[in-house]
Amino acid sequence: MIIVFQLALLLFIIWFLSEYFLYFYGFCIVLSIVVTIYIINKPGNPSIKLAWIIPILLFPVFGGLLYLAFGRSKVQEPLKSRIREAIQVSQRILVQDDAVLQQLKQADPLAYRQSCYITRHSLFPLHRQTTTTYLTPGEEKFKALLEKLKQAKHFIFLEYFIVHEGKMWNAVLEILQQKVKEGVEVRMMYDDVGCINTLPEKYYEILQKMGIKAQVFNPLQPALDVRLQNRDHRKIAVIDGVVGFTGGINLADEYINEIVRFGHWKDASIMIEGMGVWNLTVMFLQMWNYSQDKSEDFFPYHPAHYLKVPPTDDGFVQPFGDSPLDHETVGENVYMQIINCAKNYVYITTPYLVVDNEMITALTLAAKSGVDVRIITPHIEDKWYVHLVTQANYQQLVEAGVKIYEYTPGFIHSKTFVSDDVVGVVGTTNMDFRSFYHHFECGVWMYGSSALADVKRDFLQTQALSQQITLEWIQSVGLIRRLIRSLLRVFSPLI
0 MIIVFQLALL
10 LFIIWFLSEY
20 FLYFYGFCIV
30 LSIVVTIYII
40 NKPGNPSIKL
50 AWIIPILLFP
60 VFGGLLYLAF
70 GRSKVQEPLK
80 SRIREAIQVS
90 QRILVQDDAV
100 LQQLKQADPL
110 AYRQSCYITR
120 HSLFPLHRQT
130 TTTYLTPGEE
140 KFKALLEKLK
150 QAKHFIFLEY
160 FIVHEGKMWN
170 AVLEILQQKV
180 KEGVEVRMMY
190 DDVGCINTLP
200 EKYYEILQKM
210 GIKAQVFNPL
220 QPALDVRLQN
230 RDHRKIAVID
240 GVVGFTGGIN
250 LADEYINEIV
260 RFGHWKDASI
270 MIEGMGVWNL
280 TVMFLQMWNY
290 SQDKSEDFFP
300 YHPAHYLKVP
310 PTDDGFVQPF
320 GDSPLDHETV
330 GENVYMQIIN
340 CAKNYVYITT
350 PYLVVDNEMI
360 TALTLAAKSG
370 VDVRIITPHI
380 EDKWYVHLVT
390 QANYQQLVEA
400 GVKIYEYTPG
410 FIHSKTFVSD
420 DVVGVVGTTN
430 MDFRSFYHHF
440 ECGVWMYGSS
450 ALADVKRDFL
460 QTQALSQQIT
470 LEWIQSVGLI
480 RRLIRSLLRV
490 FSPLI
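Residue numbering for the sequence shown follows numbering that gives the first Met the number 0, starting at 0 and increasing by one per position.
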């Protein structure tokens, strides 16, 4: 409410000055024109540009000033220095084994190019000696997580967007408290905005009193600040540096269908064991250092210290992170590379389909080229306005030959890609502007891993429970609803 009040006060001041001071009014008009020219010529996504240009032209008195205040992804110098330090540390400790890369190059040159992109722009290397286990729905991840937490002997790292007191979190917390008594190092980090309605204020202090090292990421401040939109949307669990989890499943009861919010909650996670867990460990420690503005030695947590016998190879595994502060949309680009390199099929699950023209082009071109492109989205939405934008994108995709299905039993929250039985991703990145441009995200890219067969099998089983979207269904929607969809689609980069 304080933030809303500040915004209203700012708009009132601008209106008052422009109403009673002609020169200020003229200044605002000129500023909006200059800002519009600047937006058109600056590098960036055209959809985001359009979403700003329209309101600026409609409300020239406010538009230019609001863009200067909130439209630029300006990072303050102290944050820049912390980001640079995190990158420098990563470059020293994340070393790519060239022999592993060459093995992938010989197996599949296109997959090799995908992996090289991830290594160069997220810095996280490709691994072998790593097994993969696909876990769905959330109940399966919950069971596996509890089992691995109980086996912890050295350290536990947890990083989640949402933590909600209830059956799932209480069961995890009980184990964490026991592990602290056993001398295991336990660290917990959660996003402040993600947990604003699910945890008591300063919950990290409660955890600290239990002996758990706890931090809150990017604490919510009652002030207008563009950094408020940069949230930690990752879901990471690391146990002893040799077991790691990520995917769409948070630590809250709806993710395991203990409570029902939007019908049946369909979600997915990936568990990896072996050398590839090092990437997830580094991701966690990067965010931990970023939050506490302090550096520490990462190497004591390297899997080589705790992995007695490396597991047998299960294809190639590359966990990677994506940051909104490096101006590189790694998550979106990894998805587009899979689409562009597909030969036979691409199967996708996503809770939101709020995508830019580049992603639309990639999907439609693949379908027009004969690739079997299928996407499953929810039938019961969690956010009505986002669901309307998702549906607004259906027609162009369906007309191009993309097959779209809505998961009729409820809400599908999993974020999975699988293509041609050999390559895929399971992670936290939604197909929307927030995940691609504003959030810290992560995922596991796989080539030739056993989990990919399970991802495909799960997709086909989920498709059997879903309703296919046809052109007749799309065109049967009422005019007013279509108009609302079209309007929201224009401003979707700002939602």
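Incorrect hints may have been included.
Said to hold, decoys possible - Below, simulated DSS-like cross-link-like pairs (lysine-lysine); rule was C-alpha separation at most 25 angstroms, straight line:
1. 149 x 104
2. 152 x 48
3. 166 x 212
4. 152 x 104
5. 293 x 307
6. 455 x 48
7. 166 x 180
8. 455 x 104
9. 104 x 201
10. 152 x 212
11. 201 x 142
Calculated directly from the structure, the hints in this document are not laboratory data. None of the values given here were measured: they were computed from a predicted structure.
Straight-line Cα separation of residue 152 and residue 104 no greater than 25 angstroms?
37 angstroms, violated
Next pair to validate is residue 149 with residue 104; report whether the Cα-Cα distance is within 25 angstroms.
Since the Cα atoms of residue 149 and residue 104 sit roughly 39 angstroms apart, the hinted pair is violated (cutoff 25 angstroms).
Pair hint residue 152 and residue 212, alpha-carbon separation not exceeding 25 angstroms
Between residue 152 and residue 212 the Cα gap is close to 16 angstroms, so the pair holds against 25 angstroms.
Tell me if the straight-line CA distance from residue 166 to residue 180 falls inside 25 angstroms.
22 angstroms, holds
When you check the alpha-carbon spacing of residue 455 and residue 48, does it fall within 25 angstroms?
36 angstroms, violated
Does the structure keep residue 166 and residue 212 at a Cα separation of 25 angstroms or less?
22 angstroms, holds
Residue 455 and residue 104 were given as a pair; does the straight-line alpha-carbon distance stay at or below 25 angstroms?
Between residue 455 and residue 104 the Cα gap is close to 24 angstroms, so the pair holds against 25 angstroms.
Hey, residue 104 versus residue 201, does the alpha-carbon distance stay inside 25 angstroms?
49 angstroms, violated
Would you mind confirming whether the straight-line C-alpha gap from residue 201 to residue 142 stays at or under 25 angstroms?
28 angstroms, violated
Satisfaction of hint between residue 48 and residue 152, Cα-Cα up to 25 angstroms:
Given that 25 angstroms is the threshold and the Cα spacing comes to 51 angstroms, the pair is violated.
Hinted pair residue 293 and residue 307, Cα distance within 25 angstroms
31 angstroms, violated
Taken one by one, the earlier hints fail for this structure at numbers 1, 2, 4, 5, 6, 9, 11, listed in ascending order.
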